[in-house]
Every structure is written in structure tokens, then in C-alpha cells.
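Colleague: Residue strings, one per chain:
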Amino acid sequence: MEINIFQAILFGLCACLSSMPGMGGTTIGNYTLGRPLVAGLIVGLIMGDVTTGVIIGAAIQVVYIALVTPGGTVSADVRAISYIGIPLAIVAIKGLGLDPASEAGRSMAVALGSAVGTLGTVLFYGTATVNLVWQHMGWKAVEKGQLNKLYVVDMVLPWISHFICSFLPTVIIAMLGSNVVDLIKEYLPMDGIAMKTLFTVGSLLPAVGVGILLKQVVSKPTDLLTFFFGFVLAAIMGVNLIGAAVIGGFFAVIFYNIKLLQLRKVTVGSEGSEIDDDEEDI
Amino acid sequence: MAEKKLSKKTLGKAFRNWYYGHLTCFSQEHMQTFGYLCAMLPIIKELYHTPEEQKEALSTYTAFFNTEPQLGTVIVGVTAGLEEAKANGEAVDGEMINGIRAGLMGPVAGIGDSLIVGTLIPILLGIALGLSNGGSPIGAIFYIISWNVIMTLGMRFLFYKGYELGGKAVEILVGEKANAIREAVVMVGTIVIGAVAASWITITTSFEMLNDDGSPIIELQKTLDGICPKLLSAVTVIFCWWLMSKKKISPTLVMLILVVIALAGVLLGFFDPKLSY
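Taken in sequence, the protein lines are chains W and H. Residues in the first sequence are numbered consecutively from -11, following my numbering. Residues in the second sequence are numbered consecutively from 1132, following my numbering.
Bound-form chain H, shown alone (with noise of 0.2 Å):
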């Protein structure tokens, strides 16, 4: 018997299928279940001739299903590695395929929401905020086509680096080096995000003490401006971080912390826009 290969057409489909599908059939209970299956189905169909043998194979992939989808491309990759070898007779079966895939969807997922979502797409949207001065659609631009690009390659490289390498190609993403360019590359998006903050969180008082003549003892703002520009806006991130991070507080209800102290310190005369119609 012929030693059977995928060819690069269905490699090519089975990553479209997973780059456009992977999340189209979310539920609660099923996230990226269907995509995944989407994704292997060109390859089991080319692997496996008989119905009763492709819905044997399918079988492997209807396991719940979650992951960062952008990183999360390699672990296709790599099941599609396994389960060529398994067609060709190997001593790998369904089970240890799906023990694999188990076993790498959490922490490509901690890795990818840390990276991608939390750091890359950041730092790409740092700069576009940058180039997007007074209304500019540069900023936009850039972005649209930087992230593209960037995750198209991206997820190409990973996915048939996953299917060439197997379970070795995670290695790119958890060894030593890798996590030396993570921090590295964490480090960047904590300073851009500082950049940011700066720019674009806006918090001043009105607060100010005033002398019987209506001339001012303390202009509160002026004051923190000269401690250090910006000072409230910092404090108020720190303070938002802290509830999140150390309190344990959803983002929501932080939000309506927000709304609670912006009330009070309207009728507190501390915030006042100076609007009117």
C-alpha cells in the first residue's frame, strides 16, 4: 500500500476552512467544536475513502473545543500531522489525538490572549491611535493592514510548521526562547500602553478654593499639574487595575464604580465639564 500524503490543495483548504470558520458556530456549549471540524474534514475525506471510515475519523474531533484561534492554528496543524500518520497505519490512534489536543488548547490559549490579544494588538493599536490625529484615516489603515498581514502569515506558518513538525512545533511557542521574545515583546506593550494612557485619558478636577474676593487659594488641577501632568488620569488607571486585579472586580461593575464616583464628584464640585447647549 502506497504511503498516503496530503496533498497541498487539501492542506491549503483545511486551513482556509479554519481561518474563516473557527468561530462562525459559537455556543456556550460548543465553542470552537465546529469549526474544528470543518477544518479537518478536506483532510479525513482525502485520508479515508469509505463513509463508515471518514465518520470513524471525524469521531476524534467532536470534543468540546477552545482556544485563542490565531495561535491556536498550530494545534490544527498538528492534528493534521497525526492523523495522516495515523491513516498510514502508525501507532497513533483517536484517542491519543484528542488526548493532544486536550492537553494544548489551554495553554496556547493563556499564551494567545497574553500575546495577541493583549499585547500585539495593543501595540498595533497604539501606533494607529498615534497616525490618527485629528481624525485622520491613516491610523485605521495601518491597522487594518498591519494586523492582516501579520496574522494571515502568521497563522500560515503556524499551521503547517504544526502539521511538518507535530508536537515539537509547540516548542516554537512555549520554549525558552519563545518566552524570552514574550516578555520581551510584553515589555513593549506595557510601555506603549503607558504612551497611551497618557494621550488619551483626559481626567481633570475643577475643584478649587476660592477667597472671599472670588479670587482662587487652590485650583486643584494646577496643583497636580505641577506634581506631574496627567497625575489623575494615572491614578485613575491604577485604580481601575487595582479593583480588577486585587479585588477581583468584573469590568462592568468597575465601570459602574466609575459612574458612582463621576455622580458624587459632580455634586461635590469636584469634576464639572463647563458645558452647555
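Extracted from the complex, chain W is given alone in its bound form (with noise of 0.2 Å):
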């Protein structure tokens, strides 16, 4: 399987509007066409293969479900996952014939598209440095006091860092794609120890993505049952997500009503306050 020129442009497109920072603006970019899971499906209808899409996007997801940029540092690219990780991905399962549903195709997608991820960071910190440039040309406009001007710098300038540090090489790499694979198979036989190792991370690695975002929601350890609870749910009692998500949901409103009963004792025992009649209106 080959990816056309065509193909790579729009990937390339793609990737400038969904990288952080990036061109469709976060909530449209980063947050949406930058997540594996919608790229996924992107990815494979310009590939014209949507379930093998959806199903690596998922894969990959896992890793990524939190991915937070404190303070501007990054620790993984998403438009490198995105649109140079998952079109690699469905290159190389199709190339070593692989079922995409398996657990092998699964940590294979997960390999490749952390790996590419990973190296990815060097297109953020790219796209930022050329950014610098457009930035001081804003400062230069203020000082003259050509206010329009800031919307070109703003939003139309860094277009030409896309172009360099996403256009260009997502273009270039999806083009090269199935070399890649072709070395693959010729150097690395699916029972060597190098490809075993390639898909046993590929299997651990979004236990990364859950712990990155247990560092953030667990304060005490007694949050860890709550983590637990929703795990037993899901392995031992066979729960579906959107099952989980009701029966979190459930728990979530009678905890928000013993805070409430909790915050009314307070007050009232400060012999009430101005606070107190907002907090009886809603």
C-alpha cells in the first residue's frame, strides 16, 4: 500500500491545522483534528480504509487521552502522531499483513505512532522558534503603531512555520512510507527479538497515557480506589465505557450533594453570610 502525493498534501494540511500551536486554533485544532481517535477516521477516509483507521486512531488514543502542555512543554507532538504516526501505522500493518483489530496490530499502531510522536517534539519546538520571527516584527508594528498589522502576525504569518516544520515533513515522510516498511520486513523477522520487543511496548505503553493522567486527578491515595472502582467495573463486572461513564456519573451527583449538604453546615454555622443567598438561587 502506497500513499499518493495527493494523499500526503492533505495529511500535510492536516497537520498544520492540528498541531499545537497550530493553525485552526486549539479548540478545532489541537483538541479536535489533533486527537488520534479523529484523525483516525480522517486519516483513513483520505485513504479510503475507515474501520483499519478508526481502530489504529483508538489504539493510539489510549496513549494520548491526556496530554497536557504545562507551560508550554511538551512531551509528545500530536500532529506528528497524528498525520506521520497513524498513516505509518496503516501503511506498515497493511505492508506486513497484519489484522489492524489484533493485539498485534494494535501495539504495532501503538509502537510507531509513540516513536513518531516522541521525535515529533522536535516540530513544536521547530514551529515555535520560527514563530519568533513573525513575533518580532509584531513588536516592531506596535512600536509604529500599525495596530492592523498584529492580525498578520497573528494568524497569517505562521503559516510559513507550518509550512516548514509541518507541511513539509509530514509530506516528505508519508511519501517514504513504504520503503520503510519494505526495510522493515527485509531486516527485522517478526519473531526477532527486536520486532517482539517493538510489540510488547507497543502493548504497555498506554498505561503511560493512564498514568500521565492519574499524576493529575489523584491528590491522595485514597483517589486510587476511585481509579480502581472504574477498572473492576470494566474487568471484572464487564462494564462498557459509556456504562462506566453513567455509573461515574450516578456516584458523581450524590458526592456533589454531600459537598453542598457539607458547605450549608458551614455557613450556617457562621450565622449565615451575603454568600449564603447565591448559593440558594441556583
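Simulated from the structure, these hints should not be mistaken for lab results. Model, not experiment: these values are computed from the prediction. Take these hints with a grain of salt, some might be off.
Computed footprint of chain H on chain W, listed as stretches where at least three residues anywhere in the stretch have a Cβ under 8 Å from a Cβ of chain H [as the list claims (entries may be wrong)]:
no., region
1, 44 to 51
2, 205 to 214
Here are the in silico distance ranges between beta carbons for each label pair [to be verified]:
no., chain 1, residue 1, chain 2, residue 2, range
3, W, L248, H, S1381, 37 to 43 Å
4, H, G1265, W, M163, 26 to 32 Å
5, H, K1135, W, V241, 23 to 29 Å
6, W, S166, H, E1187, 23 to 29 Å
Residues from chain W that keep clear of chain H, each with C-beta distances beyond 12 Å, as calculated [to be verified]:
no., residue
7, E(-10)
8, Q(-5)
9, I160
Cβ atoms here follow ideal geometry from the backbone N, Cα and C, with glycine treated the same way.
Please dock the two separately framed chains into a single complex, following the hints provided.
Modeller: In C-alpha cells:
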């Protein structure tokens, strides 16, 4: 399976829109087009195989389920994962004759997508660095009082940064993709240690994504119990994700009401206050 | 002199500039500063008429700015209201606006990162993953629609609330009631992520001890399944969490540690995907 130039250009455009900092704005770009699950659908549509795209996107999504960029430091680049990693994974899985829905297919996609995502952080720092040039122009414009030029600086010129750091790398790597698969086939037998390790890594990596998320939501050890509650729901009781969300929502409502009772106690205890009135309204 | 009032059109334009452009021209030096300038520009143009005044007013917003962009919309709204008050000669000056802005961006970023990126997105994605079984596009479509509708309406709400209520709007985000809601939402998120871990992480061992005749004495995976299904997945998640939160190791390094563990496990016969071309 090969990627043609037309498909590669579409991936390149998506990469420009979806990256952090991207040209689509974060709501539509980074947090929609940049999510591997959505990218799986889009890449699948472009390559004419939605099912494979979604399966691969979903598998990679778990690794990056909570990709936070606190203070602009990134551990993985979404444009690389989504529009370089996913097309390559589709080509690789098809080229190697794996079933995308199998454990092996998913592991392969996750290992490849994560490797590309980590290497892709270069693109993030590249884009941010080229943007310094436009920002410099922006400060000059402000100094001279040419305020309208700010729109060009903020929303037009960064396209150039993305042409260099998103579009070109995506198109070039996508075009070379099928050669890479041939090389893998030739030099790395599936039952060799390298490939066995690759597939094992692919099955281990989603744990990092969930770990990152836990790090954010767990503030005391008992919070881990909440996590295990969800885990047990799915692993032992066989509840699916939608069911788990509903059960979680039910407990959250109970929790919220208990909290409100506590708050009311505090306000009554302090002989009422102005805040009290506001609280009753809602 | 008639009181200056920002028109609906201008506020809408300011909101759209922020909604779209808050991070388009990002650099490590000035992250969302230019997005902020573009959001304030229509407002300043309407409130002040001479180029000197406009330049002077805009200089308030040239200081470094970075926050969680979705919730951060409330800050843009607050400063729009303050700028209007300033133009009407109330006791507000640029320095004060900047102080409020700088004071808000840290706390809002903290709440936004944990509530939006750490909770809302994982819940929506968790449900979407559940809908994606067998490669169905419904999950991705569900996520695209639900996320964009919630965020576009939510950001609009925050922007206009910020404009109307000024500093008080921040109560929506940090008040006691907001705290209770936030904790409850985080709880749903934690439960869903537990279910995601159980549904989507499949770590199995191939470790066996064999009798002389080749029949197995111990098949480790079966033993583990008897204790708790997916036990290895849970252990690996907790291990990664422990490395990152207790040992302060970066996610990239944790991934490398897993590569080493995978290699060691393969060499020892603990892991074996049992594949061939």
C-alpha cells in the first residue's frame, strides 16, 4: 500500500491545522483534529479505509488520552502522532499483513505512533522558534503604531512556520512510508527480538497515558480507589465505557450533594452571610 | 460626554479573535501574548479614536500571557469590561488591568488543565472509544460534535460573563460551589479512566514452567487471571503513575524505561507476542 502525493498533501494540511500551536485554533485544531481518534477517522477517509483508521486511531488515543502541555513543554507532538504516525501505521500494518483489530496490529500502531510522536517534539520546538521571527515583526509594528498588522502576525505569517515544520515533514515522510515497511520486512523478522520488543512496548505504552492522567487527578492515595472502582467495573463486571460513565455520573451526583450539605453546614455555623443568598438561588 | 459602550459586533469580533487565534503565533518567549493583542484590538479601536490613545491602551496587553485557553476566555472577557470602564474615566488604569490579568492566568491555567484537559476530554474520549468498537466512526463523530459544542458555548458564556461581571466572574471558576462541581466531575473522570485502562490496555505474559513431558506446571497468565483479570495492566499503570508522580520522572523517560522492561521481558521469556510473517 502506498500513499500518493495528493493524500500526502492532505495529511500535511491537517498537520498544519492540528498541531499545538496550530493554525486551526486549539478548540478545533489541537483538541479536535489533533486527537488520534479523530485523526484515525480523517486519515481513514483520505486513505479509503475508515475501519482500519479508526481502530488504529483508537489504540493510539489511549496513550495520549490526557496530553497536557503545562507551560508549553511537550512530551509528544500531536501533529506527528496523528498525521505522520497514523498513516505510517496503516501502511505498516497492511504491508506486514497484520489484522488491525488484533492485539498485534494495535501494538504495532501504538509503538510506531508513540515513537513518531516523541521524535515529533522537534517539530513543536521548530514551529515555536520560527514564530519568534513573526513576533519580532509584531513588536516593531506595535512600536510604529501599525496595529492592524497584528492580525497578519498572529494569524497569517505562522502559516509559513507550519509550511516548514508541519507540511513539508509530513508530506516527505508519508511519501517515504512504504519504503520503510519494506526495510522492516527485510531486516527485522517478526519472531526476532527487536520485533518482539516492539510489539511488547506497544502493549505497555498505553499504561503511560493512563499514568499521566492519574498523576493529575490523584491528590491523595484514596483517590486511587476511585480509579480501581472504574477498573473493576470494566475488568470484572464487564461494564462498557458508556456504562462506566453513567455509573460514575451517578456517584458524582451523590458526592456533589454531600459536598453541598457540608457547605451549608459551614455557612449556617457562621450565622449566615451574603454568599448564602447567592448559593440558594441556583 | 456620552458613556462609551462596546457594541455587540465588537465583542463578537474580540471573542472570535481569541477563540481562533489565541495560540496561532506561539513561541516559548510570548505564548498567547499575540492572541491576546488580537482579541483586544477591536475593543481598543472602538473605545479610543486617536492612534496615540490606541497604541497607549494596547501597550497594557504587551506583557507575557499564557493560560489554559478555553477557560482563559473568562480573563479576556474581564479585561474587555475593565478596558471599557477605563475608557469611561473610572478609577481603572492599565497597570491595574495588567495586575488582574497576570494574577488570574496562573490559577485559571491550573483549573483548566485539570478540569478540561485532565477530565472533560478523557471522559468524552472514553465514551468515544467505547463507541468505536470494531472501527466504527460513530465514536470519533460523537467526540467532534460534543467537544466543539460544549467548548464553543462554554467559551462564549465565560467571555460574556467575564465582560458583565468583571472580577466577580472568576467566582464561577473558583467559588466553593464550583469546587464541589469540579471534584465531582474529576470523580467521573477517574472512574471512566479506570474503565478505559481495563478495556484498552492488554498486557499479558507468556511465562510458563513446563514438566519434562511438556505439560505446564505454571501458566502465569492463567494464575494472574484467577486473582484479578487484567492484573498486569493495572500493575503497569500504577507503576507508571508511581514513577511520574512519586519519582518525578518525565513521561518520555518512563516510555524509555518501558522499552528496557519490554526488552528484558522478551529475553527472559516473560513477554512473547507469538507472531510471524
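Colleague: Flag every earlier hint the structure violates by its number, smallest first.
Modeller: 5, 6
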